[in-house]
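Please model the complete structure; the sequences and the hints are all you need to start from.
Protein chains: 2
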Amino acid sequence: MLSVKTPEEVLALIEKEFHPLTGRRELLPLSEAFGRVLAEDITAEEYVPDFDRSTVDGYAVKAGDTFGCSEAIPAILNCTGEVLMGEGADFMLESGCCCAVPTGGAIPQGADSVVMLEYTEDYGDGSIGIAKSAAPGQNLIFRGDDVYPGKTVLKKGRVLSSRDIGALAALGRVQVPVVKKLRVGLISTGDELVPPEEKPGPGQVRDVNGPMLSAMLGAFGAEVISCGIVKDDEAKLRLTVERALKECDAVLLSGGSSVGVKDAACRIIQSLGELLLHGIAIKPGKPTIMGRAGEKPLVGLPGHPVAAWFVTELFVLPLLSRLMGREMKTYTVPARLTESVSANHGRAQYQCVRLEERSGELWAEPIRTKSGLIGTLAGAEGFFCIDRDCEGLPQGAEIQITTGE
Amino acid sequence: MLSVKTPEEVLALIEKEFHPLTGRRELLPLSEAFGRVLAEDITAEEYVPDFDRSTVDGYAVKAGDTFGCSEAIPAILNCTGEVLMGEGADFMLESGCCCAVPTGGAIPQGADSVVMLEYTEDYGDGSIGIAKSAAPGQNLIFRGDDVYPGKTVLKKGRVLSSRDIGALAALGRVQVPVVKKLRVGLISTGDELVPPEEKPGPGQVRDVNGPMLSAMLGAFGAEVISCGIVKDDEAKLRLTVERALKECDAVLLSGGSSVGVKDAACRIIQSLGELLLHGIAIKPGKPTIMGRAGEKPLVGLPGHPVAAWFVTELFVLPLLSRLMGREMKTYTVPARLTESVSANHGRAQYQCVRLEERSGELWAEPIRTKSGLIGTLAGAEGFFCIDRDCEGLPQGAEIQITTGE
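The listed protein sequences correspond, in order, to chains A and B.
Quick note on this note's numbering: the first sequence kicks off at 1 and runs consecutively.
Quick note on this note's numbering: the second sequence kicks off at 1 and runs consecutively.
Read the hints as simulated data drawn from the structure, not as lab findings.
Warning: the hint list may mix true and false statements.
In silico DSS-like links for lysine-lysine, alpha-carbon gap of 25 Å or less [to be verified]:
#  : chain 1 : residue 1 : chain 2 : residue 2
1  : B       : K231      : A       : K132
2  : A       : K246      : A       : K286
3  : B       : K155      : A       : K199
4  : B       : K329      : A       : K329
5  : A       : K199      : B       : K151
6  : A       : K151      : B       : K236
7  : B       : K199      : A       : K155
8  : A       : K155      : A       : K132
9  : A       : K286      : B       : K286
10 : B       : K5        : B       : K329
11 : A       : K132      : B       : K296
12 : B       : K236      : B       : K296
13 : A       : K283      : B       : K132
Rough simulated footprint, nothing fancy, chain A against chain B, three-plus residues with beta-carbon under 8 Å [unchecked claim]:
#  : segment
14 : 74-87
15 : 97-108
16 : 377-384
Just so it is clear, CB atoms sit at the ideal spot from N, CA and C, and this is done for glycine as well.
As structure tokens, then:
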């Protein structure tokens, strides 16, 4: 008999029982790589920049030629050329000479610094007055200062940001090796469920988990295969799960809030593989089951939408991250509670909040509704956790909010 | 002559000079509405749930019939029926009777509470022993407890989260009124630029801003129209800007790091409308210009990729939010500096960081490279700001990190 596990135990179980899938790499054009998971380390093959480059508009000089000069006694240098943007500077700067360069322009050989335009004066006769001495290396970046061959620029498992896309562009990596999207099957179960577009009859409610989890998993970067609503019928459910397993990398059953369906889901998981988890010590979200058919996870989520959301956020996304070899970082934002919250369940309790800034401080208002259903979900801007051992938090208590979609 | 403005002044200028575009509403299927901006308040038209509903497996009772019962002296009630999942309970519960209901099942009229299965005993003769008294309203949610007609569930301007999608599903709002995507034209300028797929020749570099800003704006929810790379030629640039303005709601010019192009961009903006801003007191990002052609913003971003990223993050996204009537919330995460950072520029200084957790505390490592280019972008996990008046921060100083893509 499996016992109810703490959140930490569930995360450890995921780490132990599931492993990154292999052979899941695909090459994508740079324009499609944003938000995807990098499948291998990106190592530079070139120098960036590939030439010594000015960071200002001015004159490239030999620093030694400017030593000791001042506004009162400028150094006078012969201007022997002008580098144009986007062109090379394939000549040698001689002693006593300078050369006009734009910001980003190439520096001729022999020059070791650039004097900004505002410290110079063009005498109009081919000579330039330099009113401020330059230090070697000043106002330029050398070849490879940014990136050099062999330097690891981005690590495998990283979710590519717009900044990373910029870095890849600079390196000319226009084909990016990313982890293929996971296909996640989503089955809603329950005799009471009708699709959102239907008007519920007596005793019926609309399927909330299907569209909600689909949006959530899609945003996370999964390809969601919606298997629709299955009535509480073990044979039909088994058939749907088997079909979904063939097509997908992971299958989520949501619902089955009645005892019978929960038992059926357990039997189905056991017959297809191994049941690993039966209950998590969190509120909401306790009636969660998890199993494995081969390498493929099968998760039975609670039917209660708020519970299903939390279990997906807290455990399913880490599980999918594990399969993808995806780095998962979450940060929390400190806030103060607008009102006291009680807890006394022997379970970690999760609570949605709305956030408001008041005189520079962030305040979190727990969203409470009697039903704990849709009113709790809509408009939420984050959530926090009350530890298992905590009996409640007073108004003004500092809590850690997880924000995000 | 326009003076350099502080970040606060620029945001106020955006608020003053630009306004939400009207007539930009479209209806989307629920499955496509995630991440989009709600174009109007969503008000419930129905009760959710539309029937009194049990929150446990058990027996619906009249609470009064159970008062005073205990394990020793159970109340004995006649079981007069069973409500099935997804079906109505269209009968009246009489005094002295009870009715089996599953979690989520409908409650018959006359019943006012539900006793959990574990506090009951089925005697097998049609009678049920109740070992725990029920309070009226216990273990059920009443019709409309969650949502009732007229209740505003989601506010206009909100970016729809997966939880919001769940709420919309519950309400049967399968067509969602959202703000149409803004079309943003993106022009990279500079004689030195080659597309990322090309190997740069002498004095050339790859266009970083095009792909990077395209990813950034796309993730924000804009439709990016890439107008490619335009050489430093005022007539060509003007033609490209004019064309982009016709097609787009906003146009961003990136680059023109040379003085000539910057002046050309100013002249183009002035001839097409009004120049509103010439320089922002931030580092990096000072050489930013902003103008307006009719209602359409025209922004000249710095050519330096890190500067272009920050100006887009700090000002262009708020500007686009303003046009969309999009709620914009950002939260910061506290962290400690792994090393001291100097600043002494009379400008707010922005710095990218990598984040690392050390014994439960978050530490931020400033990413510093001599060039301040790609090495600064790649792998960044957030950024912070050093105030204009601050001369630097010591190691261990607490800073506020903006994370996110």
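Hinted pair K151 (chain A) and K236 (chain B), Cα distance within 25 Å: It is violated: about 38 Å lies between the C-alpha atoms, which goes past 25 Å.
Apply the coverage criterion to the segment 97-108 of chain B and chain A: a residue qualifies when its Cβ sits closer than 8 Å to a Cβ of the chain, and three qualifying residues are needed. Our answer is that it holds, as 5 residues pass the Cβ test (under 8 Å) against chain A, meeting three.
Has the given pair, K155 (chain B) with K199 (chain A), been kept, meaning a C-alpha gap of at most 25 Å? holds, 24 Å
So if I understand the rule, the pair passes when the alpha-carbon distance is 25 Å or less; does K286 (chain A) with K286 (chain B) pass? violated, 53 Å
K199 (chain A) paired with K151 (chain B) [C-alpha distance capped at 25 Å]: Holds, at roughly 18 Å.
Assess, step by step, whether the Cα of K246 (chain A) is no farther than 25 Å from the Cα of K286 (chain A), and give holds or violated. Cα-Cα ~28 Å, so violated.
Sort out whether K132 (chain A) lies within 25 Å of K155 (chain A), counting only the CA atoms. Status violated; Cα separation ~43 Å.
For the pair supplied as a hint, K5 (chain B) and K329 (chain B), confirm whether the alpha-carbon distance does not exceed 25 Å. Holds. K5 (chain B) to K329 (chain B) sits at ~23 Å (cutoff 25 Å).
Given the proposed pairing of K283 (chain A) with K132 (chain B), does the C-alpha separation stay at or below 25 Å? holds, 23 Å
Agreement of K231 (chain B) and K132 (chain A) with the hint, judged by alpha carbon distance not exceeding 25 Å: Given that 25 Å is the threshold and the Cα spacing comes to 33 Å, the pair is violated.
Given the hint that K236 (chain B) pairs with K296 (chain B), does the C-alpha gap stay at or below 25 Å? It holds: about 20 Å lies between the C-alpha atoms, which stays within 25 Å.
Can the restraint linking K132 (chain A) and K296 (chain B) be considered satisfied, given a maximum Cα separation of 25 Å? violated, 43 Å
Hints 1, 2, 6, 8, 9, 11 from the earlier list are contradicted by this structure; the remaining hints agree with it.
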